[in-house]
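Peer 1: The lines below spell out each chain.
Number of protein chains: 2
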Amino acid sequence: MNLKKIKRAIISVSDKSNLKIILSSLKKFNVEIISSGKTYKKIKNMNYKCIEISKYTGFSEMLDGRVKTLHPKIHAGILSIRKNKKHKKELRNKNIGNIDLVIVDLYPFKENLEKNKKSKKLIEFIDIGGPTLIRAAAKNYNDVTVISNINDYFQLSNELKKRKGSTSLNFRKLMSAKAFGLTAYYDSVISNWLNKELNIKFPEKKTLHGKLIKKLRYGENPHQKSYLYDVEDKSGLKKIHGEDLSYNNYNDIYSALLVLDTLNKTDSVAIVKHANPCGVSTGKNQIESFKNAFRCDPLSAFGGVIAIDSMVTKKLALELNKIFFEVIISRGIKKDALKILEKKKKLKLIDSSKFEINNKYGYLFLNNSFLQQEIDNMETDKKFKIVTKIKPSISQINSLKLAMQICKHVKSNAIVLTNKNSSIGIGSGQPSRLDSCKIAADKAFRFVPEEIEGSVAASDAFFPFPDAVEELIKIGVSAIIQPGGSINDKKIIDVANKAGIAMIFTGARHFKH
Amino acid sequence: MNLKKIKRAIISVSDKSNLKIILSSLKKFNVEIISSGKTYKKIKNMNYKCIEISKYTGFSEMLDGRVKTLHPKIHAGILSIRKNKKHKKELRNKNIGNIDLVIVDLYPFKENLEKNKKSKKLIEFIDIGGPTLIRAAAKNYNDVTVISNINDYFQLSNELKKRKGSTSLNFRKLMSAKAFGLTAYYDSVISNWLNKELNIKFPEKKTLHGKLIKKLRYGENPHQKSYLYDVEDKSGLKKIHGEDLSYNNYNDIYSALLVLDTLNKTDSVAIVKHANPCGVSTGKNQIESFKNAFRCDPLSAFGGVIAIDSMVTKKLALELNKIFFEVIISRGIKKDALKILEKKKKLKLIDSSKFEINNKYGYLFLNNSFLQQEIDNMETDKKFKIVTKIKPSISQINSLKLAMQICKHVKSNAIVLTNKNSSIGIGSGQPSRLDSCKIAADKAFRFVPEEIEGSVAASDAFFPFPDAVEELIKIGVSAIIQPGGSINDKKIIDVANKAGIAMIFTGARHFKH
Numbered sequence: 092m093n094l095k096k097i098k099r100a101i102i103s104v105s106d107k108s109n110l111k112i113i114l115s116s117l118k119k120f121n122v123e124i125i126s127s128g129k130t131y132k133k134i135k136n137m138n139y140k141c142i143e144i145s146k147y148t149g150f151s152e153m154l155d156g157r158v159k160t161l162h163p164k165i166h167a168g169i170l171s172i173r174k175n176k177k178h179k180k181e182l183r184n185k186n187i188g189n190i191d192l193v194i195v196d197l198y199p200f201k202e203n204l205e206k207n208k209k210s211k212k213l214i215e216f217i218d219i220g221g222p223t224l225i226r227a228a229a230k231n232y233n234d235v236t237v238i239s240n241i242n243d244y245f246q247l248s249n250e251l252k253k254r255k256g257s258t259s260l261n262f263r264k265l266m267s268a269k270a271f272g273l274t275a276y277y278d279s280v281i282s283n284w285l286n287k288e289l290n291i292k293f294p295e296k297k298t299l300h301g302k303l304i305k306k307l308r309y310g311e312n313p314h315q316k317s318y319l320y321d322v323e324d325k326s327g328l329k330k331i332h333g334e335d336l337s338y339n340n341y342n343d344i345y346s347a348l349l350v351l352d353t354l355n356k357t358d359s360v361a362i363v364k365h366a367n368p369c370g371v372s373t374g375k376n377q378i379e380s381f382k383n384a385f386r387c388d389p390l391s392a393f394g395g396v397i398a399i400d401s402m403v404t405k406k407l408a409l410e411l412n413k414i415f416f417e418v419i420i421s422r423g424i425k426k427d428a429l430k431i432l433e434k435k436k437k438l439k440l441i442d443s444s445k446f447e448i449n450n451k452y453g454y455l456f457l458n459n460s461f462l463q464q465e466i467d468n469m470e471t472d473k474k475f476k477i478v479t480k481i482k483p484s485i486s487q488i489n490s491l492k493l494a495m496q497i498c499k500h501v502k503s504n505a506i507v508l509t510n511k512n513s514s515i516g517i518g519s520g521q522p523s524r525l526d527s528c529k530i531a532a533d534k535a536f537r538f539v540p541e542e543i544e545g546s547v548a549a550s551d552a553f554f555p556f557p558d559a560v561e562e563l564i565k566i567g568v569s570a571i572i573q574p575g576g577s578i579n580d581k582k583i584i585d586v587a588n589k590a591g592i593a594m595i596f597t598g599a600r601h602f603k604h
Numbered sequence: 092m093n094l095k096k097i098k099r100a101i102i103s104v105s106d107k108s109n110l111k112i113i114l115s116s117l118k119k120f121n122v123e124i125i126s127s128g129k130t131y132k133k134i135k136n137m138n139y140k141c142i143e144i145s146k147y148t149g150f151s152e153m154l155d156g157r158v159k160t161l162h163p164k165i166h167a168g169i170l171s172i173r174k175n176k177k178h179k180k181e182l183r184n185k186n187i188g189n190i191d192l193v194i195v196d197l198y199p200f201k202e203n204l205e206k207n208k209k210s211k212k213l214i215e216f217i218d219i220g221g222p223t224l225i226r227a228a229a230k231n232y233n234d235v236t237v238i239s240n241i242n243d244y245f246q247l248s249n250e251l252k253k254r255k256g257s258t259s260l261n262f263r264k265l266m267s268a269k270a271f272g273l274t275a276y277y278d279s280v281i282s283n284w285l286n287k288e289l290n291i292k293f294p295e296k297k298t299l300h301g302k303l304i305k306k307l308r309y310g311e312n313p314h315q316k317s318y319l320y321d322v323e324d325k326s327g328l329k330k331i332h333g334e335d336l337s338y339n340n341y342n343d344i345y346s347a348l349l350v351l352d353t354l355n356k357t358d359s360v361a362i363v364k365h366a367n368p369c370g371v372s373t374g375k376n377q378i379e380s381f382k383n384a385f386r387c388d389p390l391s392a393f394g395g396v397i398a399i400d401s402m403v404t405k406k407l408a409l410e411l412n413k414i415f416f417e418v419i420i421s422r423g424i425k426k427d428a429l430k431i432l433e434k435k436k437k438l439k440l441i442d443s444s445k446f447e448i449n450n451k452y453g454y455l456f457l458n459n460s461f462l463q464q465e466i467d468n469m470e471t472d473k474k475f476k477i478v479t480k481i482k483p484s485i486s487q488i489n490s491l492k493l494a495m496q497i498c499k500h501v502k503s504n505a506i507v508l509t510n511k512n513s514s515i516g517i518g519s520g521q522p523s524r525l526d527s528c529k530i531a532a533d534k535a536f537r538f539v540p541e542e543i544e545g546s547v548a549a550s551d552a553f554f555p556f557p558d559a560v561e562e563l564i565k566i567g568v569s570a571i572i573q574p575g576g577s578i579n580d581k582k583i584i585d586v587a588n589k590a591g592i593a594m595i596f597t598g599a600r601h602f603k604h
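Protein chains in written order, with my numbering: chain A, 92 to 604; chain B, 92 to 604.
No wet-lab data here; the hints were simulated from the structure.
For each residue, glycine too, the CB sits at the ideal point set by N, CA and C.
Accuracy of the hints is not assured; some may be wrong.
Stated by the list, open to error - To give a feel for the contact side, a few chain A residues facing chain B, derived at Cβ under 7 angstroms:
1) Tyr139
2) His178
3) Leu457
4) Pro522
Claimed, not checked - Covered stretches of chain B (in silico footprint by chain A; criterion: 3 or more residues with CB under 8 angstroms from a CB of chain A, positions within the stretch not fixed):
5) 120–131
6) 290–297
Turn these sequences into a full structure, and let the hints guide you.
Peer 2: Structure (structure tokens):
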């Protein structure tokens, strides 16, 4: 147990709510309280006894509060090892008393950062004294209790009650872990902010941070525990109906929203299953987009996630109502549309009106390492080069662009067939490019054979051999878009020329795994 | 530019190498140096002038060095805003001088953690004074220069030379960013250690950290910049031949090693392409495993990554030499085997003898959020339940287990066909389970039709309808393993019984995306 009596505490908090809980508890056990600045005033106003820190140390607060607690009388009081005789003697010689409890939170740096404060102002919210107190107490958890979050007052109060004015080692260690969690998080926010300001993309020491938002029912599978963390307090997604989102829902939702972001066209629709698009359309209106996205692979769309880049109308709601989707994401929903859809208990409705993509990096964690990379946000039409005798028509070019935009979001090897403004066949996740062609073709023949004539195809990477191109020609595609760059490029262009189809090289590969 | 003259510096470093670089530079510009403990002694021994910190503050070092620099005279000297008249006056009144340069590194906590020091000893390596000095100086970068890494001595020395004893705002801000990078990293290591000690899996505040190891040529695609970071200094992988590994190599290498880890059988072989297994075998010896893994899909294996759970012999090297692999990973390689393979310039050879999986969580980053989950390391044979009239033979059970072990590592929807100890067809990454069945079947018919008789199948999730099971029966599989749990389970069992095949329910889904 290793119980330690609390005799003296230092309290200095930015968030002064709930102080009553802890003050009455400390009073009961006759704990002496040291405090400073506004916390001191607040405590006095609440009619509790309290010694001002400058009186305690004999050193007055300086530099507008930049130097208050950074004093050896405070830190020796926190850091001394109680059972160490030498430490005891040193404290006695210098007339320094032990401090057994540190209750400190930190200046709200992140909150002010998110208010878009200017650099100069923000710097004043970088707390120096606070983290030092917290870290000193957390290091010395064998003797000292640290409370770094006002939400833990209640727990401390209970512990003191249970232990008659003491705390157990277990409790102190737990609070120490929380404290270091906070200081690490706090400095990670500052570090990432400074790196962003200086445009340092890949710093020597990289930290990532998140605040626990909620427990998910489970992870990718039921035997895997999982939690959602927010890096910034703005997911931009609002659930307006249905049960809690699952791990796989989140994965699919973001996959779908990334597709819409790339398309960047109102009324677009993307349907996703197992993090792969299985139907995409940028029609003239939401109904057309929905119908065309859905017909691409109605079997896979079953139980999938659908994202709509506009507000759901009643007319669309009636259509959506006919099909089993797990999640519908849209930029809002009309009242009469909501009335129709909210009857479905198993459906989850998400409002993405405020969603925007603002992360710039992806992270792939691999055992003891991780890979950081820039996200793939290159526009596909920057370096188009027509390589065949036949030039694609404007309408073909638009379909080809769309096919490549979708391709970016399909797991490699990816082949996407489109006709006009809709996908008609998507081949994903195959180790062989030829197989992805066959899958895309198979889908098109099964579900939308009438759209094959005049269709076009995109490949996320170059064709290593002419075989897959021949396969696409056999299906009947009229144009192909691909990065180019294979040693067989010449052969492949010859095959295209021979078949009288158009081909565009983009120079940009879009692998996704 | 905002140049700031350096007049007074505080130096306190754990790593005392390279001090000469900086001391001679500071001497040239008449910088007064304050130092403590061993750094003080070292500087004096090197015949440079130096004031001991206790003399400077008038407060002697305490508690075995736990309290040295935590003194207002030091921190007011660092934190004062130089152009602020009130600050100036306060410093003058208290007879405190400005400190313009802070050179401090931190106690080597992580290094000692990795030496497996005990908790009690480790705590002494949690630095309190160091981070406070670094953070104070880094906060006040408008006036103060902070050097938190001995590798930056040279840069500082150059800056002082160029600016004639001053530093520019740019330089100071850059060093400030590095400093907060270090303190965030340092506390993240401590926080994760404490959480691990206390078995806190999902803390309220979560940080992840990495040390930059190297720049990769590019990320998943050539237009994406990418760097490798190490979370712990032990990847366990050693490159013994070939060019630098690419982003996609790393992804494939870990995918392959995860398969071998699950199989946990010497001499196993896994071939991976686009992060999906395309051939796996646990044969009697490495040659048999290699041949059987390769024949499963020789087309996809081309240019792939192959992992071998044993030491490569000359005999195997001769076989491997016939095929184009991008990466071969093995538990070492015999000298005569290396001689054969190292002739291939485009081949990369990795020794994984010291590799072991020790991460317990996966992280999926989604714009402003991330999902943390336990990795899927459940053993598949914990709750086997035979649900058909026909019971599988022991040999079938072994093949079924193998199929499910592979299935875990194939992107969903995943269907894996095996016969004896080898995969014969893998269907991956399809939004429809039926399609994955067809792909797996198609591979088997194309490459190993002679192995279809007596083969078995695994599905990573339950079958929603009997159609996919009927498809597998049509191919000729003799047994199926799957989680079960569909509302159509009864129908599906009926179909299996009618066809006279065996079926096992595991109760455990294995989605992977």
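Peer 1: Hint by hint, note whether the structure agrees.
Peer 2: Hints, verified against the model:
1. Tyr139: violated (27 angstroms)
2. His178: Holds - the Cβ of A/His178 comes within 7 angstroms of chain B, reaching about 5 angstroms at its closest.
3. Leu457: holds (4 angstroms)
4. Pro522: Hint on A/Pro522: holds, closest Cβ of chain B at ~3 angstroms, below 7 angstroms.
5. 120–131: violated (count 0)
6. 290–297: With 7 residues in contact (Cβ-Cβ under 8 angstroms with chain A), the coverage given for the stretch 290–297 of chain B holds.
In this structure, the hints that do not hold are numbers 1, 5, in rising order.
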